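*Asks:* Here my numbering is used: the first residue of the sequence shown is 5, the next is one more, and so on.
Heads up, some of the hints might be wrong.
Claimed, not checked - Using C-beta positions, here's what the derived DEER-type ranges look like:
id	residue 1	residue 2	range
1	Asp30	Gly79	50 to 56 Å
2	Ser20	Ala95	36 to 42 Å
3	Lys108	Asn142	47 to 53 Å
4	Asp30	Val123	35 to 41 Å
5	Val134	Pro97	24 to 30 Å
6	Val14	Ala120	17 to 23 Å
Keep in mind the hints are simulated off the structure, nothing from the lab.
The model shown is predicted, which means the values in this text are computed figures rather than measured ones.
Just so it is clear, CB atoms sit at the ideal spot from N, CA and C, and this is done for glycine as well.
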Amino acid sequence: MDIKLIKQVVDLMKRSDISEFEFEEDGFKLRLSSKGADAPQIIHAAAPVAAAPAAAAAPAPATAAATAPAAEEKGISIIKSPMVGTFYAAASPESPAFAKVGTKVGNDSIVCIIEAMKVMNEIQAEMSGVITEVLVENGEAVEYGQPLFKIKTA
5 MDIKLIKQVV
15 DLMKRSDISE
25 FEFEEDGFKL
35 RLSSKGADAP
45 QIIHAAAPVA
55 AAPAAAAAPA
65 PATAAATAPA
75 AEEKGISIIK
85 SPMVGTFYAA
95 ASPESPAFAK
105 VGTKVGNDSI
115 VCIIEAMKVM
125 NEIQAEMSGV
135 ITEVLVENGE
145 AVEYGQPLFK
155 IKTA
């Protein structure tokens, strides 16, 4: 299966109500899944079936290495994503961001919205402090446990 055909399938998924697509041929597996009509993501693609474990093992160390330095900073805590979805910094494009660098937040302060399965979930800080860094861009897809904000705890 070539890249051109994969792009055509992704475009088809964007234009229709297809939320999942799976294809297997001669040891090549491709599975596409979409959280919304406009957000197809490749979940698994492997040429030979035997190469799949090696490909799956590679991203895990990179993720652990990326979050380790952030957690080591003294007095800095991380607000992590409690779910998979799309990160939104504000309630609407015209609204100001819930939290940006320098914003003081409390346990119940809403810091962002994560859209999952067309449901807008308000995410609370669950700690008090000052936002020192926003780690994701507005509209970016986030994973469970992905760092969203750095916060200097009080």
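*Asks:* Against this structure, judge whether each hint is valid.
*Replies:* Hint by hint, here is what the structure shows:
1. A hinted range of 50 to 56 Å for the beta carbons of aspartate 30 and glycine 79 is consistent with their spacing of about 55 Å.
2. A hinted range of 36 to 42 Å is violated for the C-beta pair serine 20 and alanine 95, which are about 29 Å apart.
3. For lysine 108 and asparagine 142, the Cβ-Cβ distance of about 21 Å falls outside the hinted range of 47 to 53 Å, so the restraint is violated.
4. For aspartate 30 paired with valine 123, a C-beta distance near 39 Å keeps the hint of 35 to 41 Å intact.
5. For the pair valine 134 and proline 97, the beta carbons lie near 26 Å from each other, so the given range of 24 to 30 Å is met.
6. For valine 14 and alanine 120, the hinted distance range of 17 to 23 Å is satisfied, since their beta carbons lie about 20 Å from each other.
Hints 2 and 3 from the earlier list are contradicted by this structure; the remaining hints agree with it.
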